[in-house]
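Heads up: the protein sequence lines correspond to chains D and H, in order.
The end of the first sequence is residue 619 by my numbering, with every number in the run present.
The end of the second sequence is residue 1107 by my numbering, with every number in the run present.
Simulated from the structure, these hints should not be mistaken for lab results.
Model, not experiment: these values are computed from the prediction.
We put the CB at the ideal spot given by N, CA and C, even for glycine.
Part of the chain D face toward chain H, derived, beta carbon under 8 angstroms:
hint: 1; residue: 11
hint: 2; residue: 15
hint: 3; residue: 16
hint: 4; residue: 19
hint: 5; residue: 22
hint: 6; residue: 26
hint: 7; residue: 33
hint: 8; residue: 34
A few chain D positions that, by computed beta-carbon distances, are all more than 12 angstroms from chain H:
hint: 9; residue: 57
hint: 10; residue: 74
hint: 11; residue: 87
hint: 12; residue: 93
hint: 13; residue: 146
hint: 14; residue: 335
hint: 15; residue: 347
hint: 16; residue: 420
hint: 17; residue: 423
hint: 18; residue: 505
hint: 19; residue: 614
Residues per chain, in single letters:
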Amino acid sequence: MRSTSTDFENRGRIIILIFVGVMLAFMARLAFLQLFSEEYDKYADSNAQLKKIIYPERGVIYDRNGKLMVYNQAFYDIMVTPREMKGLDTLEFCSTLKIDRSFFEKRMAEIRNRRLNPGYSSYTPQLFMSQLSVEAYGPLQEKLYRFPGFSITNRSLRRYSRPIAAHALGYVAEVDRKDIEIDAYYIQGDYSGRSGIEKMYEKVLRGEKGVEVLLRDVHGRVKGSYSEGRRDLPPVPGNDLILSLDIDLQEYGEKLMENKRGAIEAIEPKTGEILAYVSAPSYDPSLLVGSRRMKHYLELESSPHKVFLNRPIQSFYPPGSTFKPAQGLVLLQEKVITASTKYACQGGYYFLGLKLGCHNHRSPLNLPEAVSASCNAYFAAAYRGLIDHDNYSSVQEAYGRWRELICSMGFGSRLGVDLPYEQSGWIPDTQYYNRIYGQRGWRGATIISNAIGQGEILATPLQMANYCAMICNKGWYITPHIVREVKGQATDSSFVKKHVSGIDPVHFEPIIEGMRGAVTSPMGTSRGVAVPDIEVCGKTGTAENPGVDHSIFMCFAPKDDPKICLLVFIENGGFGATWAVPMASLMLEQYLKGSIAPNRKWMETRLLNANLMNVEPKE
Amino acid sequence: MNQKNKTLSLWKAVDIQSLFIYLLLITVGWLTIYSASYNFDSVAIFDLSSTSGKQLIWIAVSVLVGISILIIDARFYYYLSYNLYIALLFLLLLTILIAPEIKGSRSWLVFGPLSIQPAEFAKFATALALSRFLADYGYNIKDTKRIVLLFALLLIPVGMIFLQKETGTALVFLAFLLVFYREGMSGLLLFVGACLLSYFVVGLRFGEQTLWEHTSMGNFSVLLLIALVMSGLFFRYRKKDNKTWLILLLANILPVLAALLLNRYTKWGFDIAVLQLVLLSLSVLYALFQSIRINSRIPALIALFTVLSTAFLFGIDYTFDRLLQPHQQTRILVLLGTMDDPSGVGYNVNQAKISIGSGGFWGKGYLNGTQTKLKYVPEQDTDFIFCTIGEEFGFAGSAMLLIIYSYLLIRLIFMANRQRFVFARIYGYCVASLFFVHLLVNVGMVLGLMPVIGIPLPFLSYGGSSLLGFTILLFIFLRLDADNLRRH
Ligand SMILES: [Zn+2]
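Chain D on its own, in the form it takes in the complex:
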């Protein structure tokens, strides 16, 4: 290897050659760009294109009866090109806009301050005032030609026909850096759906941006369209949505839930369409529009009542006694009992020191009667019978079978509703109990709380509503959904498909009979739900809670041709019969009859006046 110093000195020359070579290449490129290129010659007179984005109209949203819920309202941004302001009659301009002179001077100073406005150029339009309403903009528009340097760009913002359904609709807000990175469609300043169906249906609602190519002169003034608009691209408006919500029922539900925490879900059982989606406390969705958003968002966010919690899909609780029909169905399916099997109840279920209390009723009861009276002893005894049954080789097999059937009713996993951030609830699996009690350490008695929907079982209000729909359909449900139709698009196939439970349709008769009995029989727990002339079936429940219990009620009507399934959930509502049952009764009446009968107004008044906000909240 030659490594004399002369050899390396030679390398100094090679390095100089590299330097010179690169510099010559750069000069050749410069010559190409500046002296020979036709392409850039077009701009020789400093004419330049200005690509102006034209924003499409965001799709509007209707309720199931075609009543407008969400629409767009144009707002106007006033832009100023400081370079072109010469000869402006500032006084007249200020009086037209109803601003005072000092405000004008202050704004102009802010615009010219590069620290506040780093992109400043006196040649390009700068934002002077934003989000002017049509009313404020009207007078300006007429005189605009007299104010040199000022121009208008318009943007539309969401408007709501009624201040309701905030949790279902979600809101729209300016995109952040992350959104832009994920989806190249967005640029700084664009808006996109952040939650609710605005987020889920963002791609169909937003449409396609268009572009208008304009020509500018040396001073940046727009001189008209470029090549007669041949390179323009018109915007494509977003698709409209038709929701399954009934705007009147929704409004009524929210009114009833004022000053309470909880949820009301109404589902049309035959279609899985959500008729009402109430999460309380709620807020006026227009609070989160445009420049008002920041302030209100923080305000709502800090509320102790967790306003932004989307209770129907994000909160989960033990379903309590509303779970008993599901138990009955599994027991029938697994032939542990028949509809006429009777169990005795002496005010509760006692076994080896275990105690599940029951209220006073006659004894013994058969299955429909046990559902009606919500007898804890009946379901505890029968559930033990199932889990410890000889038909199965082990407790694990019995429990696994039970869990499989329960999950087939929509529990334990996300339903797939068309709203973001849905929670899955929980039905523990066999491994869970094995881990806690050991492989041989558990039996029916160990997990007896499951029998009455307490213990480890957790379900979201939407899962409970869906389960109610599954009962009245006698064994199937369609994934609940809020959007009934995207205009101009085929229906989403996942919202047509029937999910069939593992329970034979014949087994539903006694259960439905029991739920009817809960409303009609003297020992029923849901008598308060009765609506004149309508056959209602229902089931109350209580979710145990360290503070005041949560009350739950599910029902459907009419019995033989169900049009609506309802789930009312009230945090710290105590016994179902006090608040949840009458609330459901009014909701049914409102939906099925269209109004509340005068002789039932007292009930309505009592509910509207109730304030459960300050009852000890759940920790």
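We have chain D already, so just place chain H with the ligand on it with the hints.
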């Protein structure tokens, strides 16, 4: 010699030419920054809140620091080189830990109104440390331990700058490979690295464009480069009258020329890359045959390099099309300037080209550039400052600027070569190489020849840290050089 005399002779010994170019460049830079932020309404060139005003402060600070550097004893830089290096490493580490995120990078230390970017100062510190190490031990590939240490000295600051998400600044440290080459690193290594890098950039940069429908511009260009490199290598290692290089050159070029004409003037279009691949395969076979015939390994090694280069090209395509997510693809394509992204980096490069192109021969005159004034060109006072010069002073001005830079680079190499102390010589090469890589990447980017990598143009771009960093880098060398002359 008394104290006064010594100081006097120091000022005489400082290289006047480099000093003059330095002052010229910072003046041009300052005037250009003023022009880039000028908007016809404001006249306050000395307004201290404006960019040109702030730059003036930094210029004053830099000149003062430069003078101080000249006053300090030259031996100081040799003896304290490792200390400075370690201090800078600590500063870089501190930056990683506490720097807030600004424009996607975590490289700024903020002290009230003052923010500095330690990575800019890591350049001269690393140059000092590497120079000292090479001066003490030399570049000896057989001494594995020392070579590992040498590369560690280089890669530790690079890694830390990467962690600050300043990819551009980290890449600048590649400049030191030129210095290693000068001090004995195998030239082949430099050559292979440069080949693969240019294949990568060219392959993706022109990957989307086609030549008359059938041929990918990227594949065509890279295959052509591979063939040229192959003939070039045969030329470099030829034995006396061996004409293999000429045979290979003609065999690869002539059929391709014919194919180009055929595609251009007839309707018999086809994918020229396929023809090139066939020709390359034949060339490889011919090279292997030569290898056996003259009983030498060299033709076989060149053939192997050719095969690996080709595999590399298709490897890039495969990786790019199959293994990368669409958004990653977009980012790379836009970075390389192939994808037209109206709001992203591609747009910037396009606007930069338009504004330079609109300058013509003489330019529009100082303060009269409109493309840059209209804010079409982003970062026009920092990374894209060359645009403003191209637009306002045209080809005459921007070519002149490139000539001035070239003169400075050559002057620095000349000065490095006259150093009697190895440390000073190596440091001189470090300075020249660092300036060169900045020019290469920055001007290359603005001219649309290089990917968009944001690094400043030495002495011109707005920014206190970079101006001060470059000043220190240069003035230490001026000090070493002055010492060299005085001790003659
Ligand atoms: Zn009982």
